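Undergrad: Listed below, chain by chain, are the residues.
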Amino acid sequence: MNSLTLKDLTADSVVATSHQLGEPAWLGERRRDAWELFAKSGPPEWRRSDLSGLVPDDLATFTSPGITLEWDQALAAQGVVFKPLQEALASHEALIQRYMDTGVAPLEHKFSAMRAALWRDGVLLYVPKGVAVESPLRVRYSLPDGVSATFPRTLVIVEANASVTLVEEFSSNDQPVSALAAPISELFAGPGSQLRFVSVQHWGAGVYHLGAQKLVLENDASAEWTSIALGGKLQHLDAETTLKGNGSSVNWLGATFANGTQQLLTAPWLRHVGHNAESFMQFKTVVNDTGYSVFDGMIKIEHESAATSTRLEEHALHLSPNARNDSIPGLKINTNSVLKGGHASTSGDVDDEQLFYMQARGISRADAKRMIVMGFFSPALDSIPLAGLREELELIIEGKI
Amino acid sequence: MSNDLEIRELQASIGDKPILKGVNLTVRAGSVHAVMGPNGSGKSTLANIVAGHPSYVVTGGEILYQGQNILELDADERSKLGLFLAFQYPVSVPGVSVANFLRTALNAHRAQEGQDPKKTSIPVAEFRKQLREGMKSLEMDEGFARRYLNEGFSGGEKKRLEILQMTLLKPTMAIMDETDSGLDIDALRIVAEGVNRLAGPNMGALVITHYQRLLTYIKPQFVSVMMEGRIVRDGGPELALELEEKGYDWLREELAGAA
Numbered sequence: 001m002n003s004l005t006l007k008d009l010t011a012d013s014v015v016a017t018s019h020q021l022g023e024p025a026w027l028g029e030r031r032r033d034a035w036e037l038f039a040k041s042g043p044p045e046w047r048r049s050d051l052s053g054l055v056p057d058d059l060a061t062f063t064s065p066g067i068t069l070e071w072d073q074a075l076a077a078q079g080v081v082f083k084p085l086q087e088a089l090a091s092h093e094a095l096i097q098r099y100m101d102t103g104v105a106p107l108e109h110k111f112s113a114m115r116a117a118l119w120r121d122g123v124l125l126y127v128p129k130g131v132a133v134e135s136p137l138r139v140r141y142s143l144p145d146g147v148s149a150t151f152p153r154t155l156v157i158v159e160a161n162a163s164v165t166l167v168e169e170f171s172s173n174d175q176p177v178s179a180l181a182a183p184i185s186e187l188f189a190g191p192g193s194q195l196r197f198v199s200v201q202h203w204g205a206g207v208y209h210l211g212a213q214k215l216v217l218e219n220d221a222s223a224e225w226t227s228i229a230l231g232g233k234l235q236h237l238d239a240e241t242t243l244k245g246n247g248s249s250v251n252w253l254g255a256t257f258a259n260g261t262q263q264l265l266t267a268p269w270l271r272h273v274g275h276n277a278e279s280f281m282q283f284k285t286v287v288n289d290t291g292y293s294v295f296d297g298m299i300k301i302e303h304e305s306a307a308t309s310t311r312l313e314e315h316a317l318h319l320s321p322n323a324r325n326d327s328i329p330g331l332k333i334n335t336n337s338v339l340k341g342g343h344a345s346t347s348g349d350v351d352d353e354q355l356f357y358m359q360a361r362g363i364s365r366a367d368a369k370r371m372i373v374m375g376f377f378s379p380a381l382d383s384i385p386l387a388g389l390r391e392e393l394e395l396i397i398e399g400k401i
Numbered sequence: 402m403s404n405d406l407e408i409r410e411l412q413a414s415i416g417d418k419p420i421l422k423g424v425n426l427t428v429r430a431g432s433v434h435a436v437m438g439p440n441g442s443g444k445s446t447l448a449n450i451v452a453g454h455p456s457y458v459v460t461g462g463e464i465l466y467q468g469q470n471i472l473e474l475d476a477d478e479r480s481k482l483g484l485f486l487a488f489q490y491p492v493s494v495p496g497v498s499v500a501n502f503l504r505t506a507l508n509a510h511r512a513q514e515g516q517d518p519k520k521t522s523i524p525v526a527e528f529r530k531q532l533r534e535g536m537k538s539l540e541m542d543e544g545f546a547r548r549y550l551n552e553g554f555s556g557g558e559k560k561r562l563e564i565l566q567m568t569l570l571k572p573t574m575a576i577m578d579e580t581d582s583g584l585d586i587d588a589l590r591i592v593a594e595g596v597n598r599l600a601g602p603n604m605g606a607l608v609i610t611h612y613q614r615l616l617t618y619i620k621p622q623f624v625s626v627m628m629e630g631r632i633v634r635d636g637g638p639e640l641a642l643e644l645e646e647k648g649y650d651w652l653r654e655e656l657a658g659a660a
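Which chain is which? The protein sequence lines are G and U, in order. In this text, residue positions in the first sequence follow our numbering: the first is 1, and each later residue adds one. In this text, residue positions in the second sequence follow our numbering: the first is 402, and each later residue adds one.
None of these hints come from the bench; they were simulated from the model. None of the values given here were measured: they were computed from a predicted structure. No residue lacks a Cβ here, since even glycine has one placed at the ideal position from N, Cα and C.
Where chain U lies over chain G, by a calculated footprint (3+ residues, C-beta under 8 Å): (1) 352 to 363; (2) 372 to 380.
No farther apart than 25 Å at their CA atoms in a straight line, the calculated lysine to aspartate or glutamate pairs in the DMTMM-like style are these: (3) U:571 - U:478; (4) U:571 - G:367; (5) U:418 - G:351; (6) U:571 - U:527.
Let the sequences and hints guide you as you build the complete structure.
TA: Put into structure tokens, the structure is as follows:
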């Protein structure tokens with residue numbers, strides 16, 4: 001495939017490429033609509049994400065795919081589908097058409113339009129009704145040499161009473177100049193299904209990660225979601241769980257570590273629509289050096305919901321006086337029927353008494369600090385189902401302390 | 402090099418407030434030495450300074466152990482020299498399991514300058530054995546090792562964990578800071594038995610306590626009394642009994658009379 005820079009693209013070339021790839025006509029049209037919005041709109045007003053270092057025009061994309069899938073292929077015999085989205089369009093077009101873009105709105109702002117117009121690497125995970133998948137599936141997105149912009153897309157459809165674990169990973173080498181990653185993840189958990197989703201961002205230096213993720217839970221669906229943000233130059237991630245179904249539940253854990261000059265923003269939302277739904281969100285943030293992180297979490301309890309139980313927590317640990325964390329937890333309630341609702345936010349330095357206690361047992365100050373940080377992150381780290389990935393992330397975290 | 406712990410003319414303060422005003426105390430290697438005193442006399446400050454707490458400013462004097470003035474060492478270096486502080490208020494560390502913490506501490510003690518930590522670290526099976534035996538001797542549940550360090554522990558569990566750490570780290574000089582506080586009689590017995598198993602030729606102990614109660618379980622050879630930042634009297638076990646009987650006021654009056 002030809003190497004392109006973003007400034008070479010036009011609405012016609014975007015659609016032409018779609019046709020060349022053999023995509024269905026409806027997708028070409030969606031890409032055209034999205035491109036037109038992207039081309040004519042200015043960037044959204046993100047007060048806490050500074051995109052001034054990003055020059056999208058010169059970014060090169062589409063040279064080579066940057067996606068790897070790891071799974072037990074024997075699962076295909078049970079009807080599980082796990083394959084690149086482009087391929088899946090040929091075999092599961094109707095399914096994809098039905099779900100795609102119903103989670104993350106494609107035309108919300110310039111960057112959502114950019115993602116919807118340009119996505120290329122992607123994966124479809126489909127788990128049929130009642131199928132329980134034990135071993136985790138893994139999709140890894142990367143930036144191959146010569147590629148400085150990537151638009152990954154994860155689409156997960158879990159049918160009724162099925163269960164599955166997906167690990168989604170974004171990683172690369174450090175980039176010589178700025179690079180852009182603009183992924184979309186849409187996850188649909190059918191009635192009574194169980195979904196475990198671990199999303200890990202550990203891009204190399206220089207990457208701007210402008211992502212959107214959405215999880216929709218039907219009746220009695222339950223999800224465990226772990227969001228880990230460690231890498232890149234800047235992250236602006238909008239993520240939402242919609243508890244659409246009655247009796248649905250989510251347990252959402254986060255771990256963010258910004259050091260150096262990193263700016264990592266996560267805006268996780270819990271949106272309650274169904275009755276008797278339960279949600280718990282706990283994000284942990286560590287900042288070091290002159291790192292900057294933002295937790296812009298929100299619980300929104302819609303008027304049609306009833307008997308909601310929800311709690312949102314963010315806890316921040318400062319390893320340097322020059323590092324900063326903005327915590328902006330919010331709670332919007334549009335109904336009188338809430339069972340339990342609350343949020344909490346704490347922030348502090350590494351506790352001197354903890355350090356002394358550990359040092360008094362012979363553990364060096366540096367090791368004590370490392371253990372305290374790992375312990376702080378343990379809820380999210382313990383939820384990673386792949387031992388190798390967990391060790392890799394621990395090494396990355398150690399390097400940031 | 403001497404395993405006596407020698408505290409000479411130690412002066413220390415928190416902020417501008419002097420707490421220790423010239424403490425002289427020698428804890429002989431392999432002996433149990435009780436330091437008693439009323440609240441606020443500086444006993445816990447002394448324990449914390451010996452262990453290397455960074456919040457106190459030492460304004461004078463020295464603490465000698467194994468031929469070094471340990472005031473120049475960080476807390477972890479003092480621990481590796483063989484000193485151990487059983488905390489009055491053990492600190493919780495969420496997310497760090499008891500087992501992980503103990504293994505890390507043991508490996509820190511076994512580490513040698515310039516050697517690959519993989520070579521010096523304790524084999525997993527050996528660690529598990531030591532941990533299991535230690536917990537059994539202190540009547541602790543096996544699940545205890547998986548719990549987070551002091552997180553949600555009862556007073557008795559915290560103190561047992563202190564003794565478990567002492568059991569595994571095998572210090573040559575242990576400082577027990579109000580180890581009896583917050584313990585019921587059963588827990589006190591278990592904790593005291595744990596100390597008694599270790600105290601002896603291989604481990605001296607500086608036992609800091611307000612009350613005589615602990616000393617019926619852990620028998621000291623020497624007793625010193627601390628008041629207002631100084632050691633004001635040295636004696637044998639009979640001194641503890643005298644204090645138990647008469648309180649501290651008579652000593653205070655006697656000292657005032659002598660001055």
